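**Student:** Sequence:
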Amino acid sequence: MSETKTRRRLRRPSVYEILAITIALLGVSGVAYAAIPSANGTISGCYMKSGGTLRVIDPTNAKCKTSETSLTWNIQGLPGADGTDGTDGTDGADGADGVSGYEMITAESTHISFDGNRLDVFAKCPAGKRFLGGGFAFYLVPPGFAPQYTPPERVNALPETDFEGIDQYYVTVIHPIPDGYGAKLVAKVACATMATP
Numbered sequence: 001m002s003e004t005k006t007r008r009r010l011r012r013p014s015v016y017e018i019l020a021i022t023i024a025l026l027g028v029s030g031v032a033y034a035a036i037p038s039a040n041g042t043i044s045g046c047y048m049k050s051g052g053t054l055r056v057i058d059p060t061n062a063k064c065k066t067s068e069t070s071l072t073w074n075i076q077g078l079p080g081a082d083g084t085d086g087t088d089g090t091d092g093a094d095g096a097d098g099v100s101g102y103e104m105i106t107a108e109s110t111h112i113s114f115d116g117n118r119l120d121v122f123a124k125c126p127a128g129k130r131f132l133g134g135g136f137a138f139y140l141v142p143p144g145f146a147p148q149y150t151p152p153e154r155v156n157a158l159p160e161t162d163f164e165g166i167d168q169y170y171v172t173v174i175h176p177i178p179d180g181y182g183a184k185l186v187a188k189v190a191c192a193t194m195a196t197p
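In our numbering, the protein residues as written are 1 to 197.
Treat the hints with care, since some could be wrong.
Heads up, simulated SDA-like pairs for lysine to any residue below, C-alpha to C-alpha not over 25 Å straight-line [stated by the list, open to error]: (1) Lys188 / Gly133; (2) Lys124 / Leu140; (3) Lys188 / Thr172; (4) Lys63 / Gly89.
What the hints contain is simulated information worked out from the structure, not anything from laboratory work.
Only a predicted model underlies this, so the values are computations on that prediction, with no experimental measurement involved.
Make a model of the complete structure from these sequences and hints.
**Tutor:** Following this line, the structure appears as structure tokens:
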């Protein structure tokens, strides 16, 4: 056989032939990989009776040898039993007492001062209760007519504690009062029992 003929028979494979072989090998390896684990979620293996060697197999195209023992196990095991309940924690400290005994107190005054333009009123909380908030309204009273709400020219309103320790709402209104008119000053205060800080 001549040297020329030998070279022709040992020609290098083309790029296309190499690609075709590579794709075929990838396809085969992909099938083998996809079969482990199996579709039912198990893994199969063969345990060597002598020596204890374990190997994983694809049961669709491989079997254990007579010198091996067949084993199968699930990818995910069964759920374990619930653990025992833990011990109860220690009780927390008691919270502070909240607000209780809420009530509204109303006080009014129709007494006009000697200078004819001032009214004062004290709305007191019951003993033991604290001031939460308050408000007032001033009315002029024309002769023969109902009281008419009137925004006062000057007002001083503040919560305070009297000499007996009672919370009260003190309101002073200064407003011109026409001759023959009356006037009325109404104060309201919200009171409640509160925890001592």
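**Student:** All the hints need checking, so say for each whether the structure fits it.
**Tutor:** Taking the hints in turn, this is what the structure says about them:
1. With a C-alpha separation of about 8 Å, the suggested pair lysine 188 and glycine 133 falls inside the 25 Å cut-off, and the hint holds.
2. A hinted pair counts as satisfied when its Cα atoms are at most 25 Å apart, and lysine 124 with leucine 140 qualifies at roughly 24 Å.
3. This hinted pair checks out: lysine 188 and threonine 172 have alpha carbons roughly 13 Å apart, not beyond 25 Å.
4. A distance of roughly 57 Å separates the Cα atoms of lysine 63 and glycine 89; the hinted pair therefore is violated under the 25 Å criterion.
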